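Asks: Sequence:
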Amino acid sequence: TMRRVFTTERVVLLLVLTLAAALRLHGLSFGLPFAHARPDETAVAGPAVLCLIGQCRPVDFIYPTGFIYVLTLAYLGVFLVRWVAGVSPDLASFAESRRVDLAPFFLTSRAISAIVGIATVYGVDRIGRLLWSPAAGLVSAGYLAVSLLHVRDSHFGTLDVTMTGLIVLATLYVLRWQQTPRHGLAIAAGLVGGAATSTKYNGLGVALPFLVAAASLLAVPRPTRRVRPSTVAIAAALAAAAGVVAFLALTPFVLVEAERFLRDVTARGDGLAQPH
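The opening position of the sequence shown corresponds to residue 1 in the working numbering, with each subsequent residue numbered one higher.
Just so you know, the hints here were simulated from the structure itself, not pulled from any lab data.
Small disclaimer: the values here were computed from a predicted structure and weren't measured.
Just to be clear, a hint being listed does not mean it is correct.
Below, a list of computed lysine to aspartate or glutamate pairs in the DMTMM-like style, where the Cα atoms sit at most 20 Å apart [unchecked claim]:
id, residue 1, residue 2
1, K200, D153
2, K200, D160
3, K200, D264
4, K200, D40
5, K200, E259
6, K200, D60
Computed beta-carbon distance windows for the label pairs [what the hints assert, rightly or not]:
id, residue 1, residue 2, range
7, L218, L131, 17 to 23 Å
8, A237, L130, 23 to 29 Å
9, A37, R228, 30 to 36 Å
10, C56, V220, 44 to 50 Å
11, S29, A237, 45 to 51 Å
12, E259, E9, 50 to 56 Å
13, L218, R57, 30 to 36 Å
14, G269, R57, 19 to 25 Å
Glycine included, C-beta positions come from ideal geometry on N, C-alpha and C.
I would like the entire structure built from these sequences, with the hints used as guidance.
Replies: Structure (structure tokens):
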């Protein structure tokens, strides 16, 4: 039994994940107590603190609110610990404490990024194993574990690493659906893809792997793998509907202020189209 648990593949994967964790957790307090050591952290933490004290309507739609609302729940957990310890008597005083000490707020959002970053390395291993072989999974995970950009951004409470992790998870569901076309897997892919889009808008690009998988299912000539077009169409519709539901659940004010949402997103696109 012990030999089955500690196979070579599992030991190597554990080492890869340990390396990924060490690189992402070391230096997590970089730049503190300064607020702008990493631009955009305040643009995420600020709205989450406001939501904590009841102001959840977004000031703008430059970023969607999925990660911000999850961060709000994490802040609530930090407050409860501090409340039990007698450090913060109420939510208002906890929110106001950010003007004196940013560390509890930034370290919370950074911890989420680091944890998701480590989990993403594991997700890449799963995809490599599913598509090719255990060795391919381990090599792919190893590359991501030491990837400079991914390691660096896993230290900061911004949106990119969490969006990437959700895209990897959605892609894993897409690949499983491609191999076993069950509607439940398509719905799962849609839900996670919608969550990725609600983390950062370009998470919508996860729809492309689904389209490629659907096309491959329809194009495979082998009778044992042939899937009826109606089955693929239903799965695609379910995935799209699930994605919309997840996006709206995590970015609900889009429904209330659709005009401002479209204006802000359009302005964001125009800004990104210009050279920095």
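Asks: Each of the hints needs a verdict: does it hold here or not?
Replies: A quick look at each hint next to the structure:
{"no.": "1", "hint": "K200 / D153", "in the structure": "14 Å, holds"}
{"no.": "2", "hint": "K200 / D160", "in the structure": "7 Å, holds"}
{"no.": "3", "hint": "K200 / D264", "in the structure": "14 Å, holds"}
{"no.": "4", "hint": "K200 / D40", "in the structure": "13 Å, holds"}
{"no.": "5", "hint": "K200 / E259", "in the structure": "19 Å, holds"}
{"no.": "6", "hint": "K200 / D60", "in the structure": "14 Å, holds"}
{"no.": "7", "hint": "L218 / L131: 17 to 23 Å", "in the structure": "19 Å, holds"}
{"no.": "8", "hint": "A237 / L130: 23 to 29 Å", "in the structure": "24 Å, holds"}
{"no.": "9", "hint": "A37 / R228: 30 to 36 Å", "in the structure": "55 Å, violated"}
{"no.": "10", "hint": "C56 / V220: 44 to 50 Å", "in the structure": "47 Å, holds"}
{"no.": "11", "hint": "S29 / A237: 45 to 51 Å", "in the structure": "46 Å, holds"}
{"no.": "12", "hint": "E259 / E9: 50 to 56 Å", "in the structure": "53 Å, holds"}
{"no.": "13", "hint": "L218 / R57: 30 to 36 Å", "in the structure": "44 Å, violated"}
{"no.": "14", "hint": "G269 / R57: 19 to 25 Å", "in the structure": "23 Å, holds"}
The structure is inconsistent with the numbered hints 9, 13, although it conforms to all the rest.
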